[in-house]
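Make a model of the complete structure from these sequences and hints.
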Amino acid sequence: MNARKLEAPDLSRVANSKTVSWYEASARQRVRLMLDAGSFREFIGPEQREQSPHLRVFDLPTQFDDGIVVGRGRIAGTPIFVAAQEGRFMGGAFGEVHGAKLTGLLRAARDTKSVPVLILFDTGGVRLQEANAGELAIAEIMRALIEARMAGVKIVGLIGGRAGCYGGGGLIAGCCSALAVSEQGRIGVSGPEVIETNRGVEEFDSRDRALVWRTMGGKHRRLLGGAEAFVDDTIQSFRNIALSLIGSVPSFGLDVLKAEQARLEERLQRFGTCADAIDIWRAEDIFDAEAVPAISSLDFIDLANRDGEPRYDAR
Amino acid sequence: MKSWNAQKTTLAERLADGRRYASGKTIEVVDLPNFLEAVIRPADRVCLEGDNQKQADVLAAALADVDPAKIHDLHMVQSGVVLPEHLDVFEKGIARRLDYSYSGPQAARVARLLFGGKIELGAVHTYLELFARYFVDLTPNVALIAAVCADRDGNLYTGPNTEDTPTVVEATTFKSGIVVAQVAEIVDRLPRVDIPGDQVHFVVEAKKPFYVEPLFTRDPAAITEAQVLTAMLAIKGLYAPYGIRRLNHGIGFSTAAIELLLPTYGEKLGLKGSVCTHWALNPHPALIPAIESGWVEQIHSFGSEVGMDDYIRARSDIYFTGPDGSLRSNRAFCQVAGLYACDMFIGSTLQIDLLGNSSTVTTSRIAGFGGAPNMGSDARGRRHPSAPWLQAGKEADPDGPPPLRRGRKLVVQIGETFGDKNVPLFVEKLDALTLAEKLNLELAPLMIYADDVTHIVTEEGIANLLLCRDKDEREQAIRGVAGYTDVGRGRDGKMVRRLRERGVIRRPEDLGIDPLDADRSLLAARSIKDLVRWSGGLYAPPSKFRNW
Amino acid sequence: METLSYRHKAQERAAGSKSLAIIGVVASGNLEVLVERSLPDTECQVDINTAAEGFGAVWEAVIADFVERRSPGGLRLSVNDGGARPDTVALRLAQAVRLIEEEDR
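Protein chains in written order, with the numbering used here: chain A, 285 to 599; chain B, 78 to 625; chain C, 77 to 181.
In case anyone wonders, no lab produced these hints; they're calculated from the structure. Take these hints with a grain of salt, some might be off.
[To be verified] Cβ-Cβ distance ranges computed for the label pairs, FRET-style:
1. B/Gly496 / C/Arg83: 29 to 37 angstroms
2. C/Thr79 / A/Leu552: 51 to 59 angstroms
3. B/Leu588 / A/Asp320: 36 to 44 angstroms
4. C/Thr118 / B/Ala299: 37 to 45 angstroms
[Stated by the list, open to error] Covered stretches of chain B (in silico footprint by chain C; criterion: 3 or more residues with CB under 8 angstroms from a CB of chain C, positions within the stretch not fixed):
5. 341-351
6. 389-403
Bear in mind the structure is a predicted one, so any value in this text is a computation, not a measurement. Glycine included, each C-beta is placed from N, C-alpha and C at the ideal position.
Okay, structure coming up:
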C-alpha cells in the first residue's frame, strides 16, 4: 500500500477536550463542546418528555428528546440555531416528534430571519416504525428549510457521525446552503444494503467498506463537490468550519437555484459514465487518485483545496 | 527373523508409489487425489496443517476427494479443525478417529459429528500437548503441510506463519513418515530455508498462497468503557505491584484495552520500563502504540498476523526475524516460552464457577483448548526465580519456609460480569460439566483449572485467590467480584467486607481508580486507522478492518 | 416494556445547584438517565422504563447500592433503558449524579 508517511498522533489529543472526536461524541456532547460555554438554551428539552407516541406498540424504548437536540446558542459570539441528531438512538432516524422539532426550529429561523442554523446530521433516514409520519416530516422540513433560506437564513449541515446522512436526511442535506463533512461521514440517499438488495452484490457489495466510503464517504463528497468542506474528525474542526461557512455562503434565490441545476447537469455529463469514484477523481486530474482514501485528513484537505471541484455560486 | 527396519522399508515402497506421479519432488495439483491414494495407507495417522492460522487448504481439499474404498479409517492428528474439508473426510468415511487441539469455526459441526457417531474422538489437547504426543504415541505416518514457497530440492520457506511446521516435520520425517508440502510457487532461490529439503519428500505447487485468517486483530473502536476500567484495574492492581515484565496476553478486547492503555494510563503511572517489557505474543496490532512508545524490548510469536509483515520487518529489534527480514514464528517454542519464561498470563473466558474453574465450552460447541491452558497454568517444572513469581508464591503459602516454597505464575482471568448478550460470566455449574455428562466424557473440558487461577478481574474489582485460606473464602472472593449476576447477588456481605479489609478483594476505589474516569479517550488508539498512524503507515490492515 | 419505580431515603442532599442533567443514549445495551432536582433533600426516586422484562430484582439491588454509595438526596432519576447490563446502569446513574453536582463551567 502506497500510504504516505503518516504522523504518529499527538498524545496530547487524549487529554485535550478541544480535540475530542466528533465521531465518538454524542449529539449533546457535540452541541455542548461546539458552542460557547454556557450559551446553549434547549427547546423542548428532555424534561418535557416529548417522546415518540408510536414506539411502545413495537415494544421499543423511547428517548426523552426523541433522538434530536434543538435549541439556540452562540459560536464565537455569533448567535445560531442548532439541531443535533443522536445517531445511536434508532440510527438517528426521523420520527414524528424528532421531525417536528426540526421543522419547528427551521420555522423559527425563517421568522427570525437573521440567525443562521446548524444541522448536525447523524441519520439513516426515516424510522420504519413511523414511516408515514417520518416521510411527512421530511417534506415539512425541506419546505421549512427552503422558506428559511428564502428569508435570508444560512443553513449549514455538519456530517461526521456513525449513521452518516442517508435517506430523507440526505435529501434535506441537499437543500442546505453548505455542507461540511469528515472522513467518517457519509452522505447518500439509498444506503449500501438497500442498493445491494435491489441491484445485486456485483453492482454494489455493501460489505466492501472501502467501496462504500469511496462512493458515499466524506472524501469523495468533497472531491465531487457534494460538500463544500472537509474537516478533521474533531469538534474544534467542525466548530471552525461552521463559522467559516456561515460567513461565506452566498444568499439564496432563483438565480442560485438555476446555477445549481446547471452545476448538477454538468457534473452528470462529466462523470455520469464513471464506474467508480477513482474514475471520477482521475477525470478531475487528482494526483495519485488511488492513494486518496489512505492519505491523512490534513493531506487530503490540502489536496482538495488544490485540485477539488471549484466553488460555484450555486446551491 | 524379526525385521527392525520395517518402517524404512514401507517408506521406500510409498515413495516409489508416489514418485509415479512426481517430476523430481513436484506433484501437479490435478494428480493430487491419485497421488495421495498412492502414498497413504488405510488406518494411517495423518497430520494435516490445520494450524491456528495457516491452512494447507489445497491438500485438505485433495484429501477430502480421495476414494473412500481405497483410503479409509484414517486417524487425523492436527492442531486445528478449521476448514470444512477437515470434517468432510469424516462424513465421507475417509477418516474415523480424531485427536486435535482447537476448532473455533467448526466447533458446532464437530459437536454434531461427535454426537452422530461419525467421529471417534481420541482426545482434545492443548497445542503443546499434541506436539508432545507427535513424538511419543501419535507420530504421523504422513504430514500434509503448508509453506510459502519451495526450491527444486524441496527446501521450504515457511515465513512469518512458520507456526507448527518445524515440529510436525521433525516428528514425521525422522520416524520414517512422508512429508508433503503445498506451496504457492516453486522458485530458484528461497528468501531463507526454514525446513531443509531432505526432510521433505514431495511438493505441490498450488499457484496461490495458503489460507490465513486474521485472528489477532481487535478493532479499538469496539472497546467499551467497562473494558477500559478492567484494563486500568489490571495495570494498577496487578502489573504494577507485582512488577510484571514477562507476560502473555490471551487474545480479546479486555487485553487489547490493556495494550492500548500502556502509553497513556501506564505512562501516567510511571510504569514504562518496569512492566510489559518481554512478551510471548502474536504480533497484535493493538500493541503497536506501546512498542512505538518504547515499552517493549522483545516479542516471540506463535504465528504471524495478517497485515503486520512490513511493520515487523521494520522492527527487527523487537520481533524474531530471519536474515531475509521476515518474521520467524514457532508455536511450540512460544508455548514453552509462555509456560516457563513468563510470570503472568492474562486472558478472558466465557464461564467461571465458584471454585474458580474457567471454561469456554458451551453445550452446543466443542471449541477445544488451543494454547490457553499452557499459558494459563502454573509450570511446576520451573526453577528460576523472579520477583513476581516469588511474591505470588509467598501469598499462596505465607507460612512455608521460604527456601522450600514454590513460586507461582500469575494466571489472571479478566472480563466483565456480564458478557455478550448479557450472559453472566459467573455460574454455579459450568456448561463444560453438563457437556461431559451428556457425552460421557471422563474429564470436563476446562480451559483453566481453579488451582491454577490466581486472580480474577472484573469491573467490580480484583479477587486475589492466592490470599484465600480455604474453600469458603475462595467462593466469597469470587462472589465478591461477580457483580449483579446471580452468583454475585448470592454473596455473604459480611464475609466479602472482611475479605476486602484484608485486601483479598480490592475495589476500584481501593486502588484510587474512579470508574467514572474509565473513558475511551484514555486509549492510545481508538480506531484501526489510529494504529496505522502509530505504525508510520507500516501496518496494512486486512480489508475487513478498513474503510479505505 | 416494563415500568419500575423505586423510592428511597438518602443520607444527604446531592451537592451542587443545577436542577437538571441528562446522560447516556437509548440503544441496545445502553440507557439514558434524566435527573431532576425536584424532591425533598432526603428523598430519592428512580423511575425506569425498560425493554428487558423480568429483571426487577436486579434493578432493585443496583439502585439500593447506588443510593447508599452516592447519596442522591432530592433527586428524581428517570431512566429509559435499552437492555443495558447492570454495571452499565450503575455507571450511568453515578455519571448522572456527578453531572448534576458539577458546577456549570
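These are the hints, each one checked on the structure:
Checked against the hint of 29 to 37 angstroms, the pair glycine 496 of chain B and arginine 83 of chain C passes, with Cβ atoms roughly 32 angstroms apart. Look at threonine 79 of chain C against leucine 552 of chain A: about 54 angstroms separates their beta carbons, and that is inside 51 to 59 angstroms. In this structure, leucine 588 of chain B and aspartate 320 of chain A meet the distance hint of 36 to 44 angstroms, their C-beta atoms being roughly 38 angstroms apart. Against the hinted window of 37 to 45 angstroms, the Cβ-Cβ separation of threonine 118 of chain C and alanine 299 of chain B comes to about 42 angstroms, which satisfies the hint.
Against chain C, the segment 341-351 of chain B contributes 0 residues with a C-beta closer than 8 angstroms to a partner C-beta. That does not satisfy the three-residue criterion, and the hint is violated. Coverage of a stretch by a chain is defined here by at least three residues with a beta carbon nearer than 8 angstroms to that chain's beta carbons; for the segment 389-403 of chain B and chain C the count is 0, and the condition is violated.
When held up to the earlier numbered hints, the structure conflicts with 5, 6 and fits the remainder.
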